[in-house]
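Enquirer: Here are the chains, one letter per residue:
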Amino acid sequence: MHNMRATATPYIVALLAVAGVSWLSSVWLDVLGLASAALLFLLPVLYAATRGGIGPGLFAALLGAGAFNFFLLPPRFTFRVHGLDNVVSLVVLLAVAIVTSRLATRLMAREAEALERARMGEEAAELSAILGAHPARSALQGGLDLVSGRYGDLVLVSEDALQSIGAAFSSLDLSAAAWAIHNGDVTGHGTQVMGTADWTFFPLVQKNRPASEVAALARPANGSIRRANQLEHVRQLALLLGQCRDRDMLEAERREREMLEQSDHLRRTFMASMAHDFRTPLTVITGQLALLANTSAGAGEALAAAQRLERMMADLLGAARLESRSLTPSFESLDLVDVIAAACDGTTLPPHLLLTRTLPADLPFVKADPVLLHHVLANLIDNALRHAKSQVALAATQEDGTVCLAISDDGPGVPQAERSRIFDRFIRLEGSDQSSGSGLGLAIAKGFSDAMGMSVSISTATTGGACFTLVFPFAERPCA
Amino acid sequence: MSRVLCIDDEPAILRLLSVVLEHDGHEAISAASGREAMAMLARGGIDAVLLDLGLPDRDGLELIASIRSQSAIPVIVVSARGDVAEKVAALDLGAADYVTKPFDGEELRARLRVALRNGRASQKGGELVHGPIRMIPDRHEAEIAGQPVALTPKEYAVLQALVEAGGRIMTHATLLERVWGKAHRNDVEYLRVAVRALRLKIEADPSQPTIIRNEPGIGYRLT
Numbered sequence: 001m002h003n004m005r006a007t008a009t010p011y012i013v014a015l016l017a018v019a020g021v022s023w024l025s026s027v028w029l030d031v032l033g034l035a036s037a038a039l040l041f042l043l044p045v046l047y048a049a050t051r052g053g054i055g056p057g058l059f060a061a062l063l064g065a066g067a068f069n070f071f072l073l074p075p076r077f078t079f080r081v082h083g084l085d086n087v088v089s090l091v092v093l094l095a096v097a098i099v100t101s102r103l104a105t106r107l108m109a110r111e112a113e114a115l116e117r118a119r120m121g122e123e124a125a126e127l128s129a130i131l132g133a134h135p136a137r138s139a140l141q142g143g144l145d146l147v148s149g150r151y152g153d154l155v156l157v158s159e160d161a162l163q164s165i166g167a168a169f170s171s172l173d174l175s176a177a178a179w180a181i182h183n184g185d186v187t188g189h190g191t192q193v194m195g196t197a198d199w200t201f202f203p204l205v206q207k208n209r210p211a212s213e214v215a216a217l218a219r220p221a222n223g224s225i226r227r228a229n230q231l232e233h234v235r236q237l238a239l240l241l242g243q244c245r246d247r248d249m250l251e252a253e254r255r256e257r258e259m260l261e262q263s264d265h266l267r268r269t270f271m272a273s274m275a276h277d278f279r280t281p282l283t284v285i286t287g288q289l290a291l292l293a294n295t296s297a298g299a300g301e302a303l304a305a306a307q308r309l310e311r312m313m314a315d316l317l318g319a320a321r322l323e324s325r326s327l328t329p330s331f332e333s334l335d336l337v338d339v340i341a342a343a344c345d346g347t348t349l350p351p352h353l354l355l356t357r358t359l360p361a362d363l364p365f366v367k368a369d370p371v372l373l374h375h376v377l378a379n380l381i382d383n384a385l386r387h388a389k390s391q392v393a394l395a396a397t398q399e400d401g402t403v404c405l406a407i408s409d410d411g412p413g414v415p416q417a418e419r420s421r422i423f424d425r426f427i428r429l430e431g432s433d434q435s436s437g438s439g440l441g442l443a444i445a446k447g448f449s450d451a452m453g454m455s456v457s458i459s460t461a462t463t464g465g466a467c468f469t470l471v472f473p474f475a476e477r478p479c480a
Numbered sequence: 001m002s003r004v005l006c007i008d009d010e011p012a013i014l015r016l017l018s019v020v021l022e023h024d025g026h027e028a029i030s031a032a033s034g035r036e037a038m039a040m041l042a043r044g045g046i047d048a049v050l051l052d053l054g055l056p057d058r059d060g061l062e063l064i065a066s067i068r069s070q071s072a073i074p075v076i077v078v079s080a081r082g083d084v085a086e087k088v089a090a091l092d093l094g095a096a097d098y099v100t101k102p103f104d105g106e107e108l109r110a111r112l113r114v115a116l117r118n119g120r121a122s123q124k125g126g127e128l129v130h131g132p133i134r135m136i137p138d139r140h141e142a143e144i145a146g147q148p149v150a151l152t153p154k155e156y157a158v159l160q161a162l163v164e165a166g167g168r169i170m171t172h173a174t175l176l177e178r179v180w181g182k183a184h185r186n187d188v189e190y191l192r193v194a195v196r197a198l199r200l201k202i203e204a205d206p207s208q209p210t211i212i213r214n215e216p217g218i219g220y221r222l223t
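Line by line, the protein sequences give chains Y and W. Residue numbering for the first sequence follows my numbering, starting at 1 and increasing by one per position. Residue numbering for the second sequence follows my numbering, starting at 1 and increasing by one per position.
Each hint should be verified, as a subset may be incorrect.
DSS-like, lysine-lysine: derived pairs with alpha carbons at most 30 angstroms apart [claimed, not checked]:
1. Y:Lys-367 <-> W:Lys-182
2. W:Lys-182 <-> W:Lys-154
3. W:Lys-201 <-> Y:Lys-389
4. W:Lys-154 <-> W:Lys-201
5. W:Lys-201 <-> W:Lys-182
6. W:Lys-154 <-> Y:Lys-367
It is worth saying that the hints were derived from the structure and are not from the lab. Computed from a prediction, not measured in an experiment: that's the story for all the values here.
Full structure from sequences and hints, please.
Expert: Right under this line is the structure:
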């Protein structure tokens, strides 16, 4: 309705203007003269052509020519045409109408374009202002509301989330979205690519990264097709939204990191205080028992039990560190001679056992965390000592740029079927001594080795017992 | 023999320490807090300090620094935490040595002996002696069990530093700084190479060293 009135208005105005000019000029004909009166008829044509374009312009020209002929040109009040001057005036009016309307249309288009551009610029500025707010999450929501309110539903979807909110998207939409992400084109409704889709997809290119996210704009509710310039505008707005989304994700990452750091700090504090709280009473117990052990056999046994308790506690703390994934090895160049000597020092060798070490003099240094490696070796040696009948052998070898350290015993060995489970927690093989060990030693040895990029495996020793082999990567030649 | 100030907030540990110390004829004096400890130190007559780093009123590391700034009394850290970085920090701040709880009384007494002896280094006429090792730095001479050994300047410098420490632990960084200079305080490989070469010359079995011992992540000491 509104549209019809808008198109009819210039015609009506042209009609009224021609009528007015006709009346004026017929009244004042004697004063004006025919030539000036003819010029007056240019006014409605110019007006109609500038305001309404070619249609109303031509309408005013024809109407003006007719009225000029009818009201002014002798014989007046007839349409009869005398002579060439009449034809000329008609042609001139028509020519003026055509030229003026074309000029006017072009001007109006340019003006409309400038206005549109200004509006888009303002809209982008408005959006930027909204998106600049803190926190990014609510700013993003505000920005999405603004764009959705003006252009129809707009959502930001990451590549991974496309499938999960698939309900809203047809399979054609999904292909269009995939195309947008992988080729970086605007696709879907209103574009050359899969134009029959219900949504238009704008790839959101992130800084130095290919797009992994799209902005999806629903097709207009009234069924019309979006024009290219509007799509380009929405693309610009979507890019702004994408930047805000990036900021939101960065903020979220930072928050998450801070939370992790905080909980990590708490955990570390907790473990440190637990270690402290356990060690203090243990120190009193072992210390006093050690003093009594010289005079009482019972005290000696109690001391041994307390020492075992201490080892178990160390294992539990190690397991807690593994569990919390808070292991960050600090690598250092190490001589296995040192590492093995320190690990052997920490163990009490039962009188019936022999511990042998074979280390080549030119063994390369290894890179590992000294404390973690100490723990690994102590556990493997402790395990070997608990299962050996008469001896435990430590032997290091160098193979193809790696260093291997084998810890073997002459005990019952580990059956093939049990080997895959041996590094699990709380696994004790049938028939083994149930009273000693925490059941965590080998799991910790494996976990710590993994954390340092080393491997630990089990095989059968030449004596028939178990043989655990540690393999160190990144071996370094000693440089003198 | 010596008056040893034991600083720990746990009375049972203080009692245990005093029993362990009396075994060697030392007199144990107890302090339950950093403040109390500083007051007792100010009174004087203390020969050595046994310090637990986890004190209720004061950071243990800070306490080492303030003891160090006032006197040369050896401080042995009795640490309940297994944290290597903390031990290294304590040693770098000037602690003479450390033991980890639960400690072995024998070991604690040995550390204390070494720390107390350090004040009066066994240096006679430019000669350094530790166990089987005898060194005359002025002449760049070294003997192991009476047998002269030829050492390179770096090997000599490492051994000399360890002998002068007389059984106290020396952190990797301290040794590196002293022998190679400040710029190399993190180049542990240098030290590993020198120690391996030294062991070839002074140890009976270089793969089972008994003279130069390493403590993982912390440093070297002589037995």
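Enquirer: When you check the alpha-carbon spacing of Lys-182 (chain W) and Lys-154 (chain W), does it fall within 30 angstroms?
Expert: holds (15 angstroms)
Enquirer: Given the hinted pair Lys-201 (chain W) and Lys-182 (chain W), is their Cα-Cα distance within 30 angstroms?
Expert: Judged against 30 angstroms, a Cα distance of about 27 angstroms means the pair holds.
Enquirer: Starting from Lys-154 (chain W), check that the Cα of Lys-367 (chain Y) is at most 30 angstroms away, please.
Expert: Satisfied, since the Cα-Cα distance of roughly 23 angstroms is no more than 30 angstroms.
Enquirer: Please verify whether Lys-367 (chain Y) and Lys-182 (chain W) have alpha carbons no more than 30 angstroms apart.
Expert: holds (23 angstroms)
Enquirer: When you check the alpha-carbon spacing of Lys-154 (chain W) and Lys-201 (chain W), does it fall within 30 angstroms?
Expert: holds (14 angstroms)
Enquirer: Quick one, are Lys-201 (chain W) and Lys-389 (chain Y) close enough, alpha carbons at most 30 angstroms?
Expert: violated (36 angstroms)
The structure fails hint 3 only (numbered hints given earlier).
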